[in-house]
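Chains as they are written, first to last, in our numbering: chain A, 1 to 235; chain B, 1001 to 1235.
There's no promise every hint is true.
Heads up, simulated BS3-like pairs for lysine-lysine below, C-alpha to C-alpha not over 30 Å straight-line [to be verified]:
{"#": "1", "chain 1": "A", "residue 1": "K142", "chain 2": "B", "residue 2": "K1061"}
{"#": "2", "chain 1": "B", "residue 1": "K1061", "chain 2": "A", "residue 2": "K152"}
{"#": "3", "chain 1": "B", "residue 1": "K1129", "chain 2": "B", "residue 2": "K1184"}
{"#": "4", "chain 1": "B", "residue 1": "K1231", "chain 2": "A", "residue 2": "K129"}
{"#": "5", "chain 1": "A", "residue 1": "K61", "chain 2": "B", "residue 2": "K1086"}
{"#": "6", "chain 1": "B", "residue 1": "K1142", "chain 2": "A", "residue 2": "K129"}
If you are wondering where the hints come from, they were derived from the structure by calculation, not from laboratory data.
Protein chains: 2
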Amino acid sequence: MPYELYYWPGIQGRGEYVRLALEDASAHYADVARSERGMAAMMKMMEARNGTPPFAPPFLKAGRLVIAQTANILLYLGSRHGLAPKAEAGRLWVHQLQLTITDFVTEIHDTHHPLGPSLYYEDQRPPAKKRTEEFWKERVPKYLGYFERLLKSNGGFYLTGRRAAYVDLSLFQIVEGLRYAFPKRMKAFERRIPGLIDLHDRVAVRPNINAYLASDRRIAFNEDGIFRHYKALDL
Amino acid sequence: MPYELYYWPGIQGRGEYVRLALEDASAHYADVARSERGMAAMMKMMEARNGTPPFAPPFLKAGRLVIAQTANILLYLGSRHGLAPKAEAGRLWVHQLQLTITDFVTEIHDTHHPLGPSLYYEDQRPPAKKRTEEFWKERVPKYLGYFERLLKSNGGFYLTGRRAAYVDLSLFQIVEGLRYAFPKRMKAFERRIPGLIDLHDRVAVRPNINAYLASDRRIAFNEDGIFRHYKALDL
Chain A
1 MPYELYYWPG IQGRGEYVRL ALEDASAHYA DVARSERGMA AMMKMMEARN GTPPFAPPFL
61 KAGRLVIAQT ANILLYLGSR HGLAPKAEAG RLWVHQLQLT ITDFVTEIHD THHPLGPSLY
121 YEDQRPPAKK RTEEFWKERV PKYLGYFERL LKSNGGFYLT GRRAAYVDLS LFQIVEGLRY
181 AFPKRMKAFE RRIPGLIDLH DRVAVRPNIN AYLASDRRIA FNEDGIFRHY KALDL
Chain B
1001 MPYELYYWPG IQGRGEYVRL ALEDASAHYA DVARSERGMA AMMKMMEARN GTPPFAPPFL
1061 KAGRLVIAQT ANILLYLGSR HGLAPKAEAG RLWVHQLQLT ITDFVTEIHD THHPLGPSLY
1121 YEDQRPPAKK RTEEFWKERV PKYLGYFERL LKSNGGFYLT GRRAAYVDLS LFQIVEGLRY
1181 AFPKRMKAFE RRIPGLIDLH DRVAVRPNIN AYLASDRRIA FNEDGIFRHY KALDL
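Looking at chain A on its own, in the form it has when it is part of the complex (with noise of 0.2 Å):
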């Protein structure tokens, strides 16, 4: 069964956690939105008066559900295509890490969003500065520390063990983004993330996953997505 992913054509976002799992399970997904009149499709199933409609992309739809929400896109397909356990407690386990990612990922966009999502970056310019701070004083060594420390109590391979999880594709994702968004200060940081290094490093020799990221699936960051490169916020 195919699976039909819906998320804004323009950007990696929240869709990127979903498409690194698709990529790396080798499993058949159109990128719905990407393709010609996919935006009306999308919307329409937003708009929807009966039924499960989302709040918000990304959705997937597979067979007759509609689910929504990265991490419960996530839950939905690990266990399905060998990037979670099987096995309830170790399910949970993982959901939980990415949900611990979830919350991540939302303060790395409210950097250049403080005032919220409706208004531009060009007019919380002062404030998006004192978060950035703030993030990278507090909540980037609180945050990355975290998962720095569990790769170590695990042997150091993958975050739960000699197998991959759809979190470690994530976590992958976070270190690319940082990299990107902010690359002085993440240069500077990285040597208290060994661990996290590694991981991200043996992510992307992953053939799936490198075959993906050398292909056009995969879209280049850039200044509407979450991770946002503006020399204010870097060093």
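Use these hints to put chain B onto chain A, whose structure you have.
Chain B only, in chain A's frame:
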């Protein structure tokens, strides 16, 4: 098997969505951090060097499992206590709705903390005012309008049908909290969400919820929690 809930002792916060589910289900639980030496026990679990240490409260100990992230805890409890469907499609849908509420809760918190959680409100008053304006102009209508629409399409009883799910208890808490934090703004807004107000009233008179709200297990709203009443942010 009695549960152990771990959450900051002085606030409702994110722990309250779990408390409401446990109370409605008449589940046996200890609110550990509110008991003597409970905070030390909570911190110890978060600092564990092995196993599955949570990133942050709330977390629930259920036998040998330790589950963190509010929505993840509710996912675990829901189908065990009749507060969510047992079939996968229904479970994913209710979880998806809870994750949308989770996003909304973060945005509620950010009205008084737009520059991040590590600074005091007093250090971010002007951006808080601006973010609150955007929040009420754009975000409240979007989130609550979505849930109002779902309720209508479903017959208007509970969000997913005739039976209450944990997501209904959470929406009760959202209405309570917005009334506490923004009494004037919420009063003006309520005429736009009659279905949600009915739902709130329906939850409030459920016997176990009613008894809980009257007990000293229910912590009062205060200015350390998610919902804070600051006059400058109301009208």
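Verification of the hints:
1. A:K142 to B:K1061: Measuring from Cα to Cα gives roughly 23 Å; hence the hint holds.
2. B:K1061 to A:K152: With Cα atoms ~24 Å apart, K1061 (chain B) and K152 (chain A) stay inside 30 Å; holds.
3. B:K1129 to B:K1184: Distance of about 15 Å is within 30 Å: holds.
4. B:K1231 to A:K129: Roughly 27 Å separates the two Cα atoms, so the pair holds.
5. A:K61 to B:K1086: Given that 30 Å is the threshold and the Cα spacing comes to 21 Å, the pair holds.
6. B:K1142 to A:K129: holds, 28 Å
Figure legend: structure checked against the earlier numbered hints; every hint is met.
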